[in-house]
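Protein chains in written order, with this note's numbering: chain F, 33 to 183; chain E, 33 to 183; chain B, 33 to 183; chain D, 33 to 183.
Simulated from the structure, these hints should not be mistaken for laboratory data. Incorrect hints may appear among the rest.
Straight-line distance between alpha carbons at most 27 Å, and here's what the computed DSS-like set of lysine-lysine pairs gives [unchecked claim]: (1) B/K153 <-> E/K100; (2) B/K153 <-> F/K100; (3) F/K36 <-> D/K44.
Predicted model, so just to flag it, every value in this text is computed and none were measured.
There are 4 protein chains.
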Amino acid sequence: MSKKVIEPYMHKVQYYETDQMAIVHHSNYIRWFEEARVDFLDKIGYGYKAMEEQGIISPVTGVSCEYKSMTRFGDTVRIAAKVLEFNGIRLRIGYQIYDAATNELRSQGESQHCFINPEGKIVSVKRANPEFYNCLKGYAENNENNETEKE
Amino acid sequence: MSKKVIEPYMHKVQYYETDQMAIVHHSNYIRWFEEARVDFLDKIGYGYKAMEEQGIISPVTGVSCEYKSMTRFGDTVRIAAKVLEFNGIRLRIGYQIYDAATNELRSQGESQHCFINPEGKIVSVKRANPEFYNCLKGYAENNENNETEKE
Amino acid sequence: MSKKVIEPYMHKVQYYETDQMAIVHHSNYIRWFEEARVDFLDKIGYGYKAMEEQGIISPVTGVSCEYKSMTRFGDTVRIAAKVLEFNGIRLRIGYQIYDAATNELRSQGESQHCFINPEGKIVSVKRANPEFYNCLKGYAENNENNETEKE
Amino acid sequence: MSKKVIEPYMHKVQYYETDQMAIVHHSNYIRWFEEARVDFLDKIGYGYKAMEEQGIISPVTGVSCEYKSMTRFGDTVRIAAKVLEFNGIRLRIGYQIYDAATNELRSQGESQHCFINPEGKIVSVKRANPEFYNCLKGYAENNENNETEKE
C-alpha cells in the first residue's frame, strides 16, 4: 500500500498548560492528541470541515495516555499520529509525543472513535463515504504490517 | 426596591487551575466570573436554560479583571456578582472574588454582554421579555444606589 | 476490613467545559477524575497538603477513560473514586461518573500514580508513611474483594 | 528610534477551544494574549527563560479584552502585541487579534504587569536590568508616538 508519509504535528508548550509541579498538566496531553488528530485528518484530506459537509461527526469514545517523562513550558513536542485500527465503524488512533529537541519519548496513547450523523445515529463509513473508508483503511493496514517494528 | 439578596457563589480551587508559579493561572478568573454569572442568573430565575427557551442568548462582548492577591490550590473563593448597569440592550455584571477563609480580596472585574436571538440578531430584552427586563433593571438600580458605598 | 464509606464527589458542569458539539469536551473528564481524586484523598485524611508536608508527591503516570453517554452544560455529575490497586509503589484509582439526576453512567476510567520525593526520586510509601500505606491498602483490599460485584 | 519590527504571532484555533455556541470561548483570548506576549518577549530577546535566569518574574496584575467578532474552530488568527506603556515598574502590553484570512478584527485588549523577584518583592527593572529596561522603553516610545494613528 503506497500511502504518503504524514508529517508529525508540532506543538509549542504554553505557560498556561503548566501546573504547580512546573510541568505540563497531564490533561493537556489529551488535548494535544486532538490537535495531532485534527492535523493528521486534514493532511490526509479528511479534515473536520470536509467530514462535516458530508454529515459525519466522529466523537471520542475512549482515550488513554501513558506519561513517560515530563514536558515543560517552552519545550516543543513532536506528535506522531497513526491509524491503529479501522473497520468502518470504529477507529483507533495512536499517538507518540517526543521532545522535538532531544527525541525523548514524553508520552504515548490512543483515542477511540465512532462515527455518527448529525442526528446522533451510528454511521458506517464504508457506505457513507467509500473513499474516506479506503483512505483510512490504507493507513490502518500500513500500521498493522509494521506494528511490531514500530512499537 | 425589594430585591432578594443573592448568595455569593463558592468555588474550590482545583489543581489543574494552577500554573508553574504555584498560583491560579490568571485566565481561570475569567472562567470563575462565568461560573458566578451563571449561578447568579439561575438564582434570580433567569438561568441559561430559561433564557434559551425564550430564544435569548447573551454573549460576552468584553471582560476585565484586576488581580489583587494570589489564589492557590485548595483555597475556596467566594464570588459576589452584581448587575452594574442594564439598559435592555447592554448588560454589565461586576464580580468580587474573596478568599472564603480570610476575606481577603483576590480579584475584581466585570463582564459586558449583549443579547441576541439564535439567528445572531440583537434583541431588546425590554420587548422580548419585559419580566426579565424588570428583574435585571431592579438589580441594576439596587447597585447604582449603593455603588459609592460598595466599591 | 472496616473502612468508612467515602461520599462520592459532585461536580456541576460549567459552560466553559462544553465544546461545539454542545457536550462536555472529553479532556475535561480527566480533570474531573483529578477533582474526585483530590476529594477522595482529602476525605480519607491524606489530602495533597498532608502528603506534601511529608514530602510525598504523587504524579500521574497514566490515565484512561471510556465515554459512555454525553454530559451537557448545567448537568450535575456524581463521581465515585476507589482504590483499584496499591502496592506501596504504584497506585491505581478508578472512577465512575454518573448523571446525578438520572444515575446514567456517563464515563468510567482510571488513573495510575507513583510516589516521588521533592527531588524526583521514587518513594516507597510503606517506608515513608506506614499509616498512609495501611490506609490506602485497606481501601484497595475492600475493592479487590468486591470487584466482581461492583463492576 | 530604530527598533526592529516584531512579526505578529499566529495561532490556529483548536477544537477544544470552542464552546457550545460553536465559537471560541471568551476565556481563551486571555490565553492567546499570553501566547503572543511570550512570543513577543522571546523575539525581542527577553523571553521567560532569560528573565528567570536574572531572577525576574512578571505576574499579570490586570487584563481586559473586547470581543469584536467571533472566532471559530479551524480559523487562524494573527495577534499583534505591543508595549503600550512602561516605566520600569509597571508594564502594559496591548493586543489586537485579526483573522489571518480576512484581516477582520476579532478582539483587542491589554494586560498589565509588575516585576518581582523569586521572593515576591517588587523589582525596579531599571536597576535590575538596564538593558531590558532600555529595550522595553524603546518599544514603548515607538508606540506612544504612533498611538493616535494606530488605534
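Hints, verified against the model:
no. : hint              : result
1   : B/K153 <-> E/K100 : violated (37 Å)
2   : B/K153 <-> F/K100 : holds (15 Å)
3   : F/K36 <-> D/K44   : holds (24 Å)
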